[in-house]
Amino acid sequence: MKIEYDDKFDLLYIRFDDTAQEVINERINDHIVLDIGKNEKIVGIEILGAMDVLNLSNILPIDYLNYRKDNLVTA
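In this text, residue positions in the sequence shown follow the working numbering: the first is 8, and each later residue adds one.
Be careful, since some hints might not be right.
Capping the alpha-carbon separation at 30 angstroms, the derived lysine-lysine pairs in BS3-like fashion look like this [claimed, not checked]:
hint, residue 1, residue 2
1, Lys9, Lys45
2, Lys48, Lys9
3, Lys48, Lys15
Hints listed in this document are in silico derivations from the structure and should not be mistaken for laboratory results.
All chains should be modelled from the sequences, with the hints used to inform the complete structure.
Shown next, in the form of structure tokens:
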């Protein structure tokens with residue numbers, strides 16, 4: 008499992024399967040989109056507006072994508 012946070016778009020992505028595959032996006036509500044892959048399994052969960060719905064300090068470690076500094080920082 009891999010967790011990434013993109014501060015430019017305030018998006019948290021939880022990836023369960025790193026296999027390259029086509030996915031179907033299924034929007035659950037205003038903040039949650041599921042990526043559905045092969046055999047209708049959940050490949051990942053995208054959380055939009057993550058700062059509004061989560062305390063990100065409780066979800067460590069994450070890969071922090073910081074576009075303001077153009078680098079990847081692991082927290």
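Going through the hints against the structure:
1. Lys9 to Lys45: 19 angstroms, holds
2. Lys48 to Lys9: It holds: about 16 angstroms lies between the C-alpha atoms, which stays within 30 angstroms.
3. Lys48 to Lys15: Roughly 28 angstroms separates the two Cα atoms, so the pair holds.
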